[in-house]
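Undergrad: Sequence:
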Amino acid sequence: MATKVKKTETITDDQSVSTQDQIFIKGARVHNLKNVSVGIPRSKLVVVTGVSGSGKSSLTMDTLYAEGQRRYAESLSAYARQFLMRMNKPDVDYIKGICPAIAIEQKVITRTPRSTVGSMTEIYDYLRLLFARVGKTYSPISGQLVKKHEVSDVVDYIKKLPSGSKIQLLVTFRRHEKRDVKEELQILMQKGFSRLYVKEKGNGSLLRIEELLEEKKPSLPKEAYLLVDRLVAKEFDEDDLHRIADSVQTAFYESEGDCLVEVDGGDMKHFSNRFELDGMQFEEPVPNLFSFNNPYGACPVCEGFGQVLGVDADLVIPDKRLSVFENAIAPWRGEKMGEYKEALIKASRKFNFPIHKPIVDLTDEQYQLLWTGNEHFYGLNEFFKMVEQNLYKVQYRVLQSRYRGRTICPECGGGRLRKEALYIKVADVNIAQLVDMPVGNLYQWFQELQLNEYDQQVAKRILLEIDHRLKTLLDVGLTYLTLNRVANTLSGGESQRIQLTRSLGSNLTNSMYILDEPSIGLHARDTHRLIGVLKELRDLGNTVVVVEHDEMMMQEADYIIDMGPLASHLGGEVIFAGNYQQILKDSKSLTGKYLSGQFSIEPPAKLRKWKKAITLEGCRQHNLKNINVDFPLQVLTVVSGVSGSGKTTLVKQILYPALMKLKGEFAERVGQHRALKGAVDDITQIEMVDQNPIGKSSRSNPVTYIKAYDEIRDLYAKQQLSKMRGFQPKHFSFNVDGGRCDACKGEGEVVVEMQFLADVHLQCETCGGRRFKEEVLEVTYKGKNIHDVLEMSVEESLDFFKDEKDVTNKIRPLSDVGLGYVKLGQSSDTLSGGEAQRVKLASFLGKGKAQGHILFIFDEPTTGLHFHDIKKLLASFNALIDQGHSVLVIEHNIDVIRSADWVIDLGPEGGAGGGELLYAGLPEGLKAVERSYTGKYL
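Using the numbering used here, read the sequence shown as starting at 4 and increasing by one per residue.
No lab work stands behind these hints, which were simulated from the structure alone. Some hints could be false.
Beta-carbon label-pair distances, calculated as ranges [claimed, not checked]:
hint, residue 1, residue 2, range
1, P224, N393, 52 to 62 angstroms
2, N377, K699, 19 to 29 angstroms
3, N296, K204, 50 to 60 angstroms
4, P696, G544, 30 to 40 angstroms
Mimicking DSS-like on lysine-lysine, the simulated pairs with C-alpha atoms at most 27 angstroms apart in a straight line are [to be verified]:
hint, residue 1, residue 2
5, K388, K323
6, K150, K463
7, K37, K588
8, K463, K428
The beta carbon of each residue, even a glycine, is placed where N, CA and C say it ideally should be.
Please construct the entire structure, taking both the sequences and the accompanying hints into account.
TA: Here it is, written out as structure tokens:
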């Protein structure tokens with residue numbers, strides 16, 4: 004089923020494109036691609052679209068990017084290649100005109116807690132350089148600027164003195180422990196010095212060293228100096244200046260860093276070429292001093308993590324809705340430890356402490372007082388010190404372990420750096436304060452930054468780079484992030500947009516950027532800014548290929564390639580290639596029909612009414628502004644709002660863990676809120692359906708995940724031949740020994756290591772890639788053996804097993820959620836995030852009504868979904884609700900918001916400007932809310 008090449012080689016009807024203006028792919032057969040040939044115009048913004056599973060990623064990531072990367076790697080020496088990841092050659096005849104390829108994928112690329120937004124975007128590296136080059140060090144004692152004097156500073160000072168002034172260059176006379184004064188004087192004499200200068204009662208006089216040495220035991224007053232040079236101020240010529248500079252250099256050398264200048268017998272001006280002030284020695288600013296990933300700059304206590312194992316405040320005061328009187332402080336409950344609480348209650352009158360006020364409503368000073376204590380009572384810090392001193396008793400060890408957890412490092416306050424780095428400031432701000440600012444405020448700070456002329460010259464290039472990257476972060480809608488936000492707490496979409504910022508910062512040209520749905524997690528408001536960034540990349544002369552379903556993105560694209568017609572073995576062809584106007588008129592393109600309005604996702608005719616809800620009161624985690632929210636049950640509820648407005652915080656950090664804790668399940672820490680009320684008892688379980696892969700191993704697949712494979716194995720074990728040979732269901736499993744091929748252990752292929760070339764994956768010779776032993780494969784049902792069944796798509800298997808109700812009931816949910824194209828035995832690691840999420844959804848749908856009342860929470864389930872698939876997804880949600888469950892969705896997709904029974908909109912902005920409840924009600928009513936961006940796009 005090869006596609007017609009002719010159509011795709013010609014870009015528009017009137018304008019034929021030669022190979023040098025396009026990247027031409029001939030005969031791509033990766034995954035489900037059916038010998039596809041297609042031209043991609045260079046230096047254009049190209050959108051590749053199509054239903055989920057139609058082969059978009061196979062064409063872009065697995066063919067185009069893989070070949071671009073492989074060719075780069077092949078250009079290196081064999082020696083260098085053995086250290087690189089070995090790259091497979093994609094199954095394609097040839098690709099002409101390919102450029103160096105950069106892929107920006109959805110994956111959260113780092114799991115280490117050392118990686119932050121600042122280090123991923125490289126902004127932090129430029130900040131380190133800025134502070135090392137133009138940062139000023141201030142003493143924490145006097146707040147004065149710490150300066151290190153050069154020889155030129157002393158010479159300049161002398162040049163400015165009034166003509167005729169008598170100047171003496173002096174250094175303090177040093178007394179050594181192991182030498183007496185006489186020995187010291189002899190050494191000075193040998194070095195060529197001849198006079199000392201002494202001061203008594205404010206009067207100075209000169210003494211000759213020779214004369215002093217004639218005395219038996221020369222004694223000197225406390226204020227004794229070595230005279231280095233004497234001069235009279237005048238118009239100094241070149242020779243004079245050389246002489247002064249030499250003398251100053253000698254003074255610095257003799258005193259190990261000090262030089263004193265006395266003018267006309269008055270006060271002495273002190274110069275030092277050591278970096279010190281107020282009796283403190285300071286570190287010279289170098290880039291590594293500001294790196295928390297380097298032992299030189301990292302805080303010695305937390306080693307640059309910003310957190311240590313200590314007393315966890317959330318465990319000490321688990322329920323902040325209680326007051327001190329109501330036993331809010333967990334370790335002070337009980338008879339013995341209760342004495343600490345009693346002491347506080349008795350003394351509270353003396354310093355006006357509100358013991359009946361909930362902890363959550365205390366001021367910052369009052370809350371801190373609980374920890375620090377005062378002269379009337381012991382605070383929590385003292386209490387835990389006492390516990391530490393008694394750790395030899397087992398009960399105290401148990402007590403300590405109960406309240407230990409990750410807490411902010413007491414030494415650096417979470418800043419990750421050693422305190423010496425924080426004495427260095429630019430415009431009165433240290434680096435830890437800068438990385439704590441949201442990107443929007445940080446950009447503003449740099450716009451208003453005033454430096455002196457010299458510093459401006461030094462920092463010019465650094466500021467340019469920082470400015471460019473910060474602006475890109477703003478353009479991709481990440482205004483609300485701070486640079487010290489840990490990378491592994493970002494969502495896939497945020498992480499992808501951060502990588503985009505880094506790629507833009509490098510200003511490459513004539514390259515090919517391949518992006519996998521960059522608009523994920525972006526509100527419609529921010530999508531047009533993202534498109535601006537992509538166009539900027541294109542205008543630099545790059546080819547930008549975007550896998551995307553977003554309508555706005557397609558309207559702005561220079562060229563669209565639509566894959567299809569359907570998914571998996573029913574897809575893998577190029578249905579359309581051309582511009583936006585042409586796709587609207589194309590009769591074959593499913594995407595075109597949705598774009599032109601021929602097909603559409605209709606909102607439900609009748610909305611469901613709800614009777615019961617769960618209520619969260621006083622939500623204050625992160626940027627939430629003390630809001631109360633109702634989550635209705637047995638309806639479809641959507642939480643919307645711009646990126647960073649607080650949706651994830653509300654649902655995933657407060658509601659989900661709070662419900663899990665109530666049900667006695669394990670959960671992460673619950674975010675700050677006052678109370679969880681309402682129909683909590685009506686829910687029997689809570690399921691978070693996210694986009695994490697359903698299985699990491701190549702053996703995991705959709706049928707095993709939804710437990711349908713058990714039924715299929717039972718069916719094969721019941722066949723006559725199985726009974727004769729004594730086969731049990733385990734013989735039809737490729738995960739355990741028995742029936743599977745012993746050579747490839749049921750993998751179907753053998754991998755041959757090739758050192759610096761790509762590993763060769765060969766079909767297993769013993770079983771011919773069929774995973775099982777010959778005698779197992781001889782067992783058939785309706786003429787098909789177990790391997791043939793694993794090769795079937797979900798739709799084919801439903802038809803094949805139509806007489807076996809147990810099997811079809813288990814498999815049908817996969818078809819209902821729009822995964823009819825997936826092969827039963829397809830490896831889980833080849834499924835996209837959206838597909839994995841729908842497999843999980845299918846596994847719940849397959850469990851039927853016996854489950855009680857489940858609350859399903861979905862985090863952006865439309866990720867990777869075409870309009871056609873969103874329709875199926877909404878049908879699945881309705882099926883869950885019809886079974887008596889509740890569905891709560893965090894979503895930006897306008898079609899899903901339109902189809903909701905109840906919408907909760909947060910905003911208006913991201914970060915500090917968000918966290919308000921703008922609207923809760925029927926979708927229709929949201930249009931009238933002026934402050935809501937979601938309303939405008941509805």
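Undergrad: Determine for every hint whether it applies to the structure shown.
TA: Results for each hint:
1. P224 x N393: 52 to 62 angstroms: 57 angstroms, holds
2. N377 x K699: 19 to 29 angstroms: 54 angstroms, violated
3. N296 x K204: 50 to 60 angstroms: 58 angstroms, holds
4. P696 x G544: 30 to 40 angstroms: 36 angstroms, holds
5. K388 x K323: 23 angstroms, holds
6. K150 x K463: This hinted pair holds, its Cα atoms lying about 23 angstroms apart.
7. K37 x K588: Satisfied, since the Cα-Cα distance of roughly 25 angstroms is no more than 27 angstroms.
8. K463 x K428: Holds, at roughly 17 angstroms.
Of the numbered hints stated above, the single one contradicted by the structure is hint 2.
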